[in-house]
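Below are the chains, spelled out letter by letter.
Number of protein chains: 4
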Amino acid sequence: MKAYKLHAPKSLDNFQLGDYDEPTIHDKQVKIQVKAVSLNYRDWALANGWFGYPGEKLPFIPFSDAAGLVTEVGAAVTKIKVGDRVAVNFFPEWHAGPFSLQKTRFSLGGSTDGVLAEYVAFDEESVVKVPDSFSYEEAACFPCAGVTAWHALAIQAQLKPGDTVLLQGTGGVSIFGLQIAKLFGAQAIITSSSNEKLGRAKSLGADQTINYQEIPDWATKTRELTQGEGADYVVEVAGKLADSLKAVKAGGSIFLIGAVGGPASPDDAKSLQMAPIFMNRLQAIYVGSTEMLADLFKAFDQNNIKPIIGKTFGFDEVKEALQFMGNGSHFGKIVVQF
Amino acid sequence: MKAYKLHAPKSLDNFQLGDYDEPTIHDKQVKIQVKAVSLNYRDWALANGWFGYPGEKLPFIPFSDAAGLVTEVGAAVTKIKVGDRVAVNFFPEWHAGPFSLQKTRFSLGGSTDGVLAEYVAFDEESVVKVPDSFSYEEAACFPCAGVTAWHALAIQAQLKPGDTVLLQGTGGVSIFGLQIAKLFGAQAIITSSSNEKLGRAKSLGADQTINYQEIPDWATKTRELTQGEGADYVVEVAGKLADSLKAVKAGGSIFLIGAVGGPASPDDAKSLQMAPIFMNRLQAIYVGSTEMLADLFKAFDQNNIKPIIGKTFGFDEVKEALQFMGNGSHFGKIVVQF
Amino acid sequence: MKAYKLHAPKSLDNFQLGDYDEPTIHDKQVKIQVKAVSLNYRDWALANGWFGYPGEKLPFIPFSDAAGLVTEVGAAVTKIKVGDRVAVNFFPEWHAGPFSLQKTRFSLGGSTDGVLAEYVAFDEESVVKVPDSFSYEEAACFPCAGVTAWHALAIQAQLKPGDTVLLQGTGGVSIFGLQIAKLFGAQAIITSSSNEKLGRAKSLGADQTINYQEIPDWATKTRELTQGEGADYVVEVAGKLADSLKAVKAGGSIFLIGAVGGPASPDDAKSLQMAPIFMNRLQAIYVGSTEMLADLFKAFDQNNIKPIIGKTFGFDEVKEALQFMGNGSHFGKIVVQF
Amino acid sequence: MKAYKLHAPKSLDNFQLGDYDEPTIHDKQVKIQVKAVSLNYRDWALANGWFGYPGEKLPFIPFSDAAGLVTEVGAAVTKIKVGDRVAVNFFPEWHAGPFSLQKTRFSLGGSTDGVLAEYVAFDEESVVKVPDSFSYEEAACFPCAGVTAWHALAIQAQLKPGDTVLLQGTGGVSIFGLQIAKLFGAQAIITSSSNEKLGRAKSLGADQTINYQEIPDWATKTRELTQGEGADYVVEVAGKLADSLKAVKAGGSIFLIGAVGGPASPDDAKSLQMAPIFMNRLQAIYVGSTEMLADLFKAFDQNNIKPIIGKTFGFDEVKEALQFMGNGSHFGKIVVQF
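In order, the protein sequence lines correspond to chains A, B, C and D.
If you're matching positions, the first sequence starts at 824 in the numbering used here and goes up one per residue.
If you're matching positions, the second sequence starts at 824 in the numbering used here and goes up one per residue.
If you're matching positions, the third sequence starts at 824 in the numbering used here and goes up one per residue.
If you're matching positions, the fourth sequence starts at 824 in the numbering used here and goes up one per residue.
FYI, nobody ran anything at the bench for these hints, they're computed from the structure.
Heads up, a few of these hints could be off.
Repeated chains share a single entry, so a pair holds when one copy, or any two copies, can fit it.
Said to hold, decoys possible - Within a straight-line C-alpha distance of at most 27 Å, the following computed DSSO-like cross-link-like pairs (lysine-lysine) qualify:
| # | residue 1 | residue 2 |
| --- | --- | --- |
| 1 | 1129 | 828 |
| 2 | 1069 | 902 |
| 3 | 854 | 1069 |
| 4 | 858 | 902 |
| 5 | 1044 | 1129 |
| 6 | 1093 | 828 |
| 7 | 904 | 1142 |
| 8 | 1044 | 952 |
| 9 | 828 | 1121 |
| 10 | 1134 | 1044 |
| 11 | 902 | 1134 |
| 12 | 902 | 854 |
| 13 | 858 | 1025 |
| 14 | 880 | 902 |
| 15 | 825 | 1069 |
Predicted, not measured: the structure shown is a model, and the values here were computed from it.
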C-alpha cells in the first residue's frame, strides 16, 4: 500500500511517499481503507521538526485524523463490521472516562504511526461509526480539532445558553468551537485579521467579531462587548495568556490548547498573579476520548451541522496541503482526499 | 466601643486602637460582640501597605475572621437569635452558589470594615452558628483559611480516598488543607523548613513530609513519593507555580491561593507551555461562601477535629500578633482573644 | 390597594377581591407595583382546595409569578433601585446554591402571601431585573414553570446537543422545557391530545410529536422515535411514572414535577423494580433559586426567545383565568394583566 | 479444568461441578488461574432460579467476583503480564466512563459465563492489578458489592465529611458502604436485627446503629438520630422504598440497588408523590466500571482498610457457601478459596 512517512531529521523534505505492507490486525482490531484525512497545526509543526514526542521513532506515518471504510475485522470484534464507515480517535487508547497519562501514551502521527496511509488498523474501541449524513471528508475533520473544542466547551465548561465564548482566529479548533458554542445557545465572539473570514464566521452564527489588526487590544474589546464583564470562556489557541486573562470574566475559564505554540511570555506570569481574586480557571485540554468523538458526531448529525472544510487536496498534494496550513490562510479544516 | 483602625498611609504604626460608636443594625442584621479573631497573611500584608483593594477607604477596621456572641437582631431576622454564638464569613455578600464579582465586592478588613472591634454588625445571611464543640478562639480560625482550603479540596477537587494532596508550609491554609485531606481519606504530603513542624504535621496525619531546606527540589521529591506520578492536587500558597507544575500529576489540579505573594516568575510562564499535554488545571481560589463555612464547621464538628491554633494573643497585643505572623514561625492559626 | 385573597375553606368561590393596606418594606426589601402575573396548575389546585401547605394560614394572597415596577427600596438595598423592572422568585428565600428545606420554607401564594395584589414587598435577593426585551406579561411567565424546566434540564441534566428530551403535554413547564431543550441543541419529543397544539409545538422547534389519543402507548412510540433507545430525559408532569420509565433510556433521568397530581399507581412501584439494571435516575424538581431565574432570563434574552403566552386576562377576570387553566385547553402560559 | 456450571432448570441441585477445557485467549486477553471468588446475593437468587437475564444460555459458569494469577497473556496485551495478581470486573465491557446498555450487556455469571472455574480469560481492560496488601480472598470481595457501594457513594453522591449515610443490614454492599462512608469522614448509621452484628459494625466505625427488630420504624429513628433532618444518602438494598423516603433528608438521595428483591409496594408509589417538594433523588446503581474497581482498590489500600470477610469456604463447599448466603446470617462477604 501507499503511505507517507516522516523520516529523520524531521522536515518537509523528509516527508516521503512510499510503498509498504498493509497492516495486519489482531483479534480486537479492524482494518480500515482510509478515504480522507484532515490536517491539524500539530502536523505542520511536526513536519517542520518544531517539536517531537518523547520516545518518537522515525520514520513514522504522520497525521492523526482519518475516516474510512472497514475492510476486515478481527475474530473478537463485536461492535464494528466489514462495510462500516468509521473515523479514528486521536488517542487510540483513550476510549472513555477521564484523562490519564496511560490512555494518552500514544497519539496518532506523533508518538505512534498515524493515518496517512491507504490502510490502517485500530482496536474497535478506538473507532466510531460515522453517521450517514457525513461524507468521508467531513468525517475526517472531527477527531483532533472537533474533539478538542467539544472537550473544552461541552465537557469542561458544560456550556449553557446565556454563556459567552471567545474564540481566537478561524482555524480548526476555533471554528468547531464557534459551531459548538452556537449549538449550546451560547454567545460567540470570534477574532481574525481578515474581515472576509469574520464575515464567514458571522454566517456560521458568530454574534460578535473582532478584527485584531484593526483592534489590537481585542481583550479590552471583548470586555466592551460583554458589558464590561468579559467572556465566560476563552478557547486559548493563540498563546496570548495575558490577554486572555484580561478578556475572561471573573469566575470564568480559559482553555489552554496546543503546547506547540511560541513561548509563553513573562506577562503571562505576571497576569496570573491576579487570577486568585478573580477566581479564574486555566484548564489545559488535550483532545479527548472515543466517547467524546461519538458524542460530537451525534450532536452535529442531529442538528444538521457540517464541519467547515476550508480547502481539499488530493493524496499526491499532501505537501501542498501542509504548506497551505503553514500559511495560515485557511478557514476551518484542510482535508486530503484519497 | 474599642476598635483598631488602619490609617493612611498603611503601615504597622498606623494600626491604631481607638474609641468608636457601636454599630447600629438594619432589619436583616445581627449585632455581634466579638470574642475572638484570627489572623491571616493578608492582614499582615495589608497592615504593611503591600497591597490595597480598589476603592479602599482609609481608615478602616482590619481583619476578616471573627467569632462572637449575638447581642441584638434586626426586626426581619428569622434564623439567628440573641445569645447565638456565630462566626462571620469573609465575604459578607457571598452567601451561596458559585463565585461572582458582585458577591465578592466586599471582603472584610480590606475593601470594607473588618472585625477587629468589640462589636460588629452583619446580615444574618453572612454569619453561621458555631457548633457547641468549638470555643470562640477555635471558631474564629475557620472563615478565611479554612474556607479557602475547603473550597479548593471539597468543592473544586471533590476529593476522594486514594487521592494525594500536596501542601506547602504549615500556615493556616496548609494546615486546614492537611486536616481536610485526611478527613476525606486522601494522602497528604506537606513541606516545611522545620523538622519540628513536620513532626507536628505528622501527628495531624500527614503521610509524607518534605523538609525543603534539606531537599530544595521538593517537586521532584513529591514525584518520587508518588511512584513517579505526582500529586493529584497541589494547594499552591508558596508562589512556586513552575515547581508546582512539576509536582502535580498529569490530569491533576493546582489551586492558586493568595494574590498577595511575590511576582510570578518567567519560569512559570514557560512551564505553563507543557500544561496542555498533561491536561493540568490551574484553579484560582478566593475564599468562599457562607454555605461553605457552615459545611466546614459541620465536617470538623462531626469528626471531632479542632482547628490548630499556633499562638494566642490578647486584644492589646494585636501588633505583636501581626509581627509574629510576619516572622512566619507559626504553625496553624494565630488568634486574638477579646 | 386591591388584592385577591383565598379564604377558608379554599374554593373558587372563596377567591375574593378586597381592599388592603399596601405592604411596608424593611431595610433590605423593595416594593413592587405588580404589572402582570401568570398562573400555574398549582394555583388552580390550591384554589380548589385539592391540597394545602403545612402551616397554611387562610386567608392568603394567591399566585406566585409576578413582574412589576419597583416603586420604593429599603435603606440597605444596594442592587435594585426605584424604576427597575423586576420579576419575583417563587421561593423568596432560595437565592442561590442547592436546595434546602430552610430555603424553601416559604413558597409564594401557598405557604405565604403571593403576588395577586397591586403592591408586593420582597427582599432584593428575591427579585431579578427583567431584561428590556421582555414585556411585563412575558416576564411574569418565567418564575415557576420556567425555572422548574431550567432547573431540570440546565442544572440537573446539564443538557448537551445530541441529547433527547421527552415533554408531556403543552402546559407551562413542558413548553418552557421544549424551548430550553432546543436552546441546548437537544432533540425534543412532545405529546399532546391535540394535533393543532402539536403543530404549534413543531413551529417552536419540536423534532417529533406524539398525539397520545391516537397513540396511547406514547412510551413505546418514544422508543421507536429514538432507535429503540428511549429519551435521555423525561420531564414528568403527567403522573405517569410507569410509562415514563418505559420511555426513558437506560442510564437516563426522569424529572418528577408537581406533587399535586393524582395518586401514583401500583404499576409505578412495580416498574421501579427494574430501575437498577437500567441505572435510571428519578430526580424530583421543586422550582429553583433566584440565580436560576436570572440565568433563565439571560438565556432567553440573548437568544431572542420569548415565553409562550397562551391567553391573557384582565385583573378582574382572574377567576375566568383559573377556570381556563382548569379546562386544560391552554398552550404555554396564562397571564393576568394589571 | 474443574468448574461449576448452573444447568437448566436453575436450582441449587443443578449447580454442578464438572471437567471442562481450559479457556483459550485472544490477542487482547489474559488467562487467569482463579484463586478465590466471593458470593453476592444475586448468585443465590440466580442459583434458585428466582430470576434470569434476557438471552440467558444454560448451562453457564456462575459467580462474578474473582481474583487470581495471570498465567498467560495475548499478543496484543500491554498492561498486564504473566505473574500479575488481578481481580476481574463485574461487567467485562464496562471499562470507563458513564453507564451504557452496550457496556453492561454482559454481566459475569449471569448473562455470560462467570468465574467459578479454575481458569478464566478476560480482556486486559476488564481486569485490575491487585495491590500487594490484599490476599486473593480479600481481593475477590471488591468487584460486585464493593464497586456498587463505591459507585453510589464516591461517584454519584460525591460524599464529603459532614454528610450522613444510612446503610441497611450488614451484607456485602452495606459493609462496604459503611467502610467507604467512614473513609470519606461521613457519619454512618446502620441497621440490623442482631445486636452482635451492630456491635461489629460499631467497631468498623458506625456512628449510630438501629436494631430494626427492636425499633421497626427505623426510618423515624433515623430522623431522630439526625436532628429531624434525615440521612443525606440512603443505600437502599432492603426493598423498603417508602421507609427510605421517610428516612432521607429533603434534598437527599436514595441509591436503589438490587433488582432481585421482592416486589415494590403500593406504599412506594404513594410515598413517591411527595418526592418533588422534598427534591429527592432516586438513583439506581448497577455495579460499575473497571476504573471504579481500580479506584476502590487504591482507596482501601492507601488507607490500610481490608474488606470484611464473614466466612470462607473451600472450592468443594460452594453449595454450603450459597446456603449460608441464603440464610442471611453473614456479616460482610462470603468467600470461596480455590
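Hints that the structure is at odds with (numbers, increasing): 1, 3, 5, 6, 7, 9, 10, 11, 13 and 15
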